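Got two chains here, separate frames each, mind docking them using the hints?
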Amino acid sequence: MVALCACLVFVQACRHQNKSPDLTFAHDISPQPPRVGKVTITLNIKDASGAPVSRARLNLEGNMSHAGMAPVFAETRETAAGQYQSSMELSMAGDWNVTVHATLSDGRKLDHEFEIRGVEP
Amino acid sequence: MFFLTLMDLLRIPLVGTLLTKRHARTLLQIPVFIISAAMIFHGLFGPQLAPRNLATTVTWVHFRGALVLVLLLAGNFFCLACPFMLVRNLARKFFHPVRNWPRRLRNKWLSIGLFIAMLFLYEWLDLWASPWWTAWLIIAYFAGALLIDAVFKHATFCKFVCPIGQFNFVASTVSPFEVAVRDHDVCDRCATKDCIRGVREVEAPLVTIQRGCELALFQPRKAGNVDCTFCLDCVQACPYDNVGIISRVPAMELVPDPMRSGIGYFSKRKDLAALAIVFGFGALLNAFGMVSPIYAFEQWLAKLFHVNTEFPVLASVFALILVIEPLLLIGVATWITRVWGGSKRPWLSVAVRYSYALVPIGFGIWLAHYSFHFLTGLYTFIPVTQSAFVDFGWAILGQPHWGLSGLSPNVVQLFEFGFVTLGLLGSLSVSYSIAVTEEVVHPVRVFIPWAMLSLLMAAAAFWLLTQPMEMRGIVLGSG
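Respectively, the protein sequence lines represent chains G and E. Anchor point for the first sequence: position 98 equals 150 in the numbering used here, and the numbering is continuous, going up by one each time. Anchor point for the second sequence: position 227 equals 283 in the numbering used here, and the numbering is continuous, going up by one each time.
Hints were generated in silico from the structure; no laboratory data involved. Among the hints, erroneous ones may be present.
[Stated by the list, open to error] Stretches of chain E that chain G covers, calculated by requiring three or more beta carbons in the stretch to come under 8 Å of a beta carbon on chain G:
1. 97 to 109
2. 181 to 187
3. 427 to 436
4. 454 to 466
5. 520 to 526
[Claimed, not checked] Label-pair distances were calculated between CB atoms; the ranges are:
6. E:P524 x G:E165: 19 to 29 Å
7. E:G449 x G:E165: 12 to 22 Å
8. G:A132 x E:G169: 56 to 66 Å
9. E:P349 x G:S139: 27 to 37 Å
[As the list claims (entries may be wrong)] Here chain E is said to cover these stretches of chain G; the calculated rule only asks that three of the stretch's residues, wherever they fall, bring their Cβ under 8 Å from a Cβ of chain E:
10. 113 to 123
11. 139 to 148
Small disclaimer: the values here were computed from a predicted structure and weren't measured. For every residue, glycine included, the Cβ atom is placed at its ideal position computed from N, Cα and C.
The following block holds chain E by itself, in its conformation from the complex (with noise of 0.2 Å):
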C-alpha cells in the first residue's frame, strides 16, 4: 500500500521524461496512426480472411486485449495515443469550432446508444470475420472525430460520443493509476488555474499557447479516471509541475461520492450508472457471442418467433441481456436493499449508488475474454503482417511464418480464471465498502443482495468460460 500511494509514473526516469515533453501525445499518437492507416489499407485491399488481414488481427485480437491489460496494469494510456485525436488536432489548424455541444446532449446516453450499436453491429456483421467491414469502422471512427469536433468546441467526441472512450472511461476505474494533484495545497495557492483554463500569451490573453483540460476535469476536484484522457494538457499546463500520474487502490474510486470536476455527483448521474451497468453485462453478452450454446439459443429463438432472419433474434438476446435481465436482477437486488437491509433511500438511487460496484466484476469478464484472444493469438500479427507484403508483392519480411500462434488455450484459461476471480473480489470490495460508508442501519444485509449479484455475473463468467469456443459467422440468414 506504501509502494502504491508514493508511486508516480512521471517520475520515473526515462517515462517520466518521455511523457512530460510538450510533444509526447503526438510522438504516441503517429505509430498508431501509421499502424491504423496500414490496417484501413489491408482491410480494403487486402485478403478478404479474418486471420489474413491485419485490420481483423490486430483490431479484434490484439487491439482490445492490449488494451484492457494496459487498463489493468496502468491507465487510460490508449486515449492518450489515440490516432484519431491526431488528426483532429491538426484539422484544428484549419477549422476554429465556435458551437458547443447541445446542453442535452452532455451525457453519456448517446454513447451508450452507441456502445450498444458497436456491440450489435459487432455480431450482426460478424465484424471479427470481415476486414472490410473492420476498416471500415475504423475510418467510421476518424470521421466522427474528425466532423464532430471540426464542429464543436473542446472534447467533444471523446467525452459525449466515443464508444471506445466510454468503456476505457469505465474500465479505468480500476486502473492503479490517476492522473492526479500532487499536493492540493499548491493548487490552493495557485491564481491561473492553467491546468483548466489553458497558459494563456501574455500579450494576447485570447491566444492559448497551451490548452488546459478539454474534457472540463479541473484537476484540484477531480477525482478518479472518469471521463480522463490521459491527455496530459494538465501536466503541461500546471506551471508548478503540481500534476502527475500518481498510484492509486484500484477501484476505489467507486466508493466515495464527492462532488466531482466535471462529472458531479455518481448517485446523481443515471446515465453513468447506466454505461456501469451496459460495461458489466456487456461483457457477459459479448463473451456469450463466442460460445457454442448461443447458436442453439438463436435457432431456438428463431423457431419461436417463426423468423429466419438474425436481426430481430439479436436484437431480442440484447434486449434480454442488457434491458430485461439487468432490470430484474438489479431490481431485485435494490428491493432487498430497502426492504430487508432497511435503506431509506429512494428506488432508483439506491440503484444508481450501487450499480457502479459491477464495474471490476464486468471488468474482469471483458479482461478474461480479450485476454484470451490476445494471448492464443500473440504472435500472429508476424506472419499477417509479412504476408501483407508479400500480398502486394514486396516481401522484405520474408515469407509468412504461419506457424507462430501465442499461448495455448489451456494456460491461457487459467488467465482468465484470475481475471474474473479478480473482478469478483473487487465488485464485493466496492459493494461492502458503500454499504458500510453510506447505509448505517444493515450494512451487511445491504451488502448481500448486491454480492449476490456479482457473484451471480461471475458464475455466468465462470460457465461461459468453460463452454467450448465456437467461431461461427452466419447462423441465420442476415437481415
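Isolated chain G, as found in the complex (with noise of 0.2 Å):
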C-alpha cells in the first residue's frame, strides 16, 4: 500500500503540465444567455505585457459536466491583433467547460480553461 501510494506520488508528480501563467486569456460569449445551438466564442489573448498574442492555432473542445458525453470541438480564426473567434454547437443545457488548446506562432503549446454556466435549452 506504501509503496502504491509512493507510486501514485511519483506518477502525479511526471504528469506533463500545459499551463502557461504569463499569457491572459479572456473571453466573451454570444447570445447572453447562451442556449442550445451554435454560440460564438470570442477569445483575447495577451501576454505578460499586455500585447496581443497574434498568429496562433486555437482549438476548442467543449465538454459537458456529466460523464459519458462525447465533446464537440470547434476551430477559431484571428479577427484582430490577438483576438479570436469560434462558432461552437453546445448540444445540451447546463454547465460546459471549454478548453482552449493552443499552439502559439514560436511553438509552444499550451491549454486554458474556462466555463459556460447555464446554458438554457
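Following this line, the structure appears as C-alpha cells:
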C-alpha cells in the first residue's frame, strides 16, 4: 500500500503540465444567456506585457459536466490582433467546460480552460 | 413459459462450467477490482473533468447502466463480481470476526438511510461531475466493507449496510433468474444442510472448508432474490449438486407471501416495504435531478425559504419526493382499498403489502434513466481509457478517439419509453395478482387505486423523459 502511494505521488509529479501563467485569456460568449445550438466564442489573448498574442492556432474543446457525453470541437480564426473567434455547437443544456488548446507562433503549446454556465434549453 | 421454467444457467455449457468452478467468484472479482483500482487512481490523480476521467465515466455511465441491464436480463450478477468482497475475503484470512451484528440493526432501516444519503450526496456534491469525490466514494465502499466485515460475522455489510446491495436485492425481484433448489425432494432427504451450515472438515468439525450462505438464506425455504448476492456458496456447498440459477417469471416473487428463509413474511417487513417505496420514488427523484424543471423548482424553493444555499433546498426536495409524496399517495390508495375495496386488514398492513407492487415501475424508471446514459455514452470509455494512458505519458492505446460516443438520444428515448411501459405492466400485474390472491370481496376495487398509483408514477416518468436534459453542477451556493 505504501509502495502504491509512493508510485501515485511519483506519477503525479511526472505529469506533463501545459499551463502557461504568463498569458492572459479573456473570453466572451454570445448570445447571452447562452442557449443550446451555435454560440459565438471570442477570445482575447495578451502576454505578460499586455501586448496581443497574434498568429496562434487555437482549437476549442467543449465538455459537459456529466461523463458519457462526447466532447464538441471547434476551430478559431484570428479576427484582430490577439482576438480569436469561433462558433461552437452546444448540444445540451447545462454547464460546459471549454478547453482552449493553443499553439503559439513560437511553437509553444498550452491549454486554458473556462466555463460556460447555465446553457439554457 | 415452458422455456422460462426449465432454464438453468448452471446447466449451460461454458457458462455453467465457469460459474460452478470453486474460484469462479474470485475470477470475476479480480478484473472488477483492477478496474476499480484504475478508477480510484484516475479519479484522484487524473483530469478533474468528468467526461475525461475513468472514475466518473465508468461509475456513472457504464457501471450503473450495465448493472440495471444485467438485472433486467439475468440477475444479481454484479454482487457476484463485487470487488469489495474480494478485499474483504482476503482480509478475513487475517481477521476472524467473532461479533454478531446488533439485533436492533438486523433490518433494512440503516441501509435505507444510507441509500437516501447516497442519492442526496450524488446531487449535493454533484458526484457525477467530480472524479475526486467519486474516487473517494469507491474508497469509502471498500473501507466500509472491510471495516464492518472485519468486526462482524457473516455477510453483515451486504445484508444490512451496503446501499448498492439493497438496490440490487430489490431490483433483482424483477430479474428472470434466481438461485434456487432444483429438486426439493433431494433437500427433504438431506441431513447435513451444507447449503446453510457450510462444508466442515470431517476430522475437525469446527473447520469450514466451504462456507454456506452467509446471508442466512436456507435454500429449501428460500423464495426469491431478496438478500441473495448470487455468491454461489450454496452451489459450492451442496453435496448433491442440487442448486441452480433457474429461470422464473420476473416480479412474480412479489405476489405470494410465504415464510421466506432469512427474510420472514414480506407482509410483516415494514423495513422492506419502505425500501421498495424509496426504490420506486427514488427513481423519480434521481431522474428529476437531470432535467431542466428541477432548477426552476429549486430556485423557487430558495426564494420561498429565503435561502441561497443548496443544502436546505435539496433536503426539501428529498423530503417532498421521498416522504410527503409517498405518504400521501400510498395513504390515499390504502384508504380507498379499505373503504371502497372492503379490505379488513389494518392500514399499515395494506400499505406494506401493496408497496411491493411499486418495485417493477420503479425499476422501469431506473432502467430508463441509467440505460440512457449507458447507451448514449456506450463507447466513451474507449477514448477516456486512451486518454488516461496519455495523461500519464504512456500512450500505448494511441491518441484518444473523442468522436466515439454511443447511440443517438432519439433512438435511446424509444428504449426509455419501452422500459417504463414494461415496469408499469409489471406493477399492474403484481398489484392485480396480490389483490386477486388476498382480497376475496372486491379484488378489482382493491386493484384500481394501486393501479392508479403505478399509472401516476409512469406518467411522471414519461413527463420527465420528454423534458430537456440539463447537466448543471451548481445552481445555488454549496453548503
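Each hint, compared with the structure:
{"no.": "1", "hint": "97 to 109", "result": "holds (count 8)"}
{"no.": "2", "hint": "181 to 187", "result": "holds (count 3)"}
{"no.": "3", "hint": "427 to 436", "result": "holds (count 5)"}
{"no.": "4", "hint": "454 to 466", "result": "holds (count 5)"}
{"no.": "5", "hint": "520 to 526", "result": "holds (count 3)"}
{"no.": "6", "hint": "E:P524 x G:E165: 19 to 29 Å", "result": "25 Å, holds"}
{"no.": "7", "hint": "E:G449 x G:E165: 12 to 22 Å", "result": "21 Å, holds"}
{"no.": "8", "hint": "G:A132 x E:G169: 56 to 66 Å", "result": "59 Å, holds"}
{"no.": "9", "hint": "E:P349 x G:S139: 27 to 37 Å", "result": "29 Å, holds"}
{"no.": "10", "hint": "113 to 123", "result": "holds (count 10)"}
{"no.": "11", "hint": "139 to 148", "result": "holds (count 4)"}
Violated hints are absent here; each numbered hint is respected by the structure.
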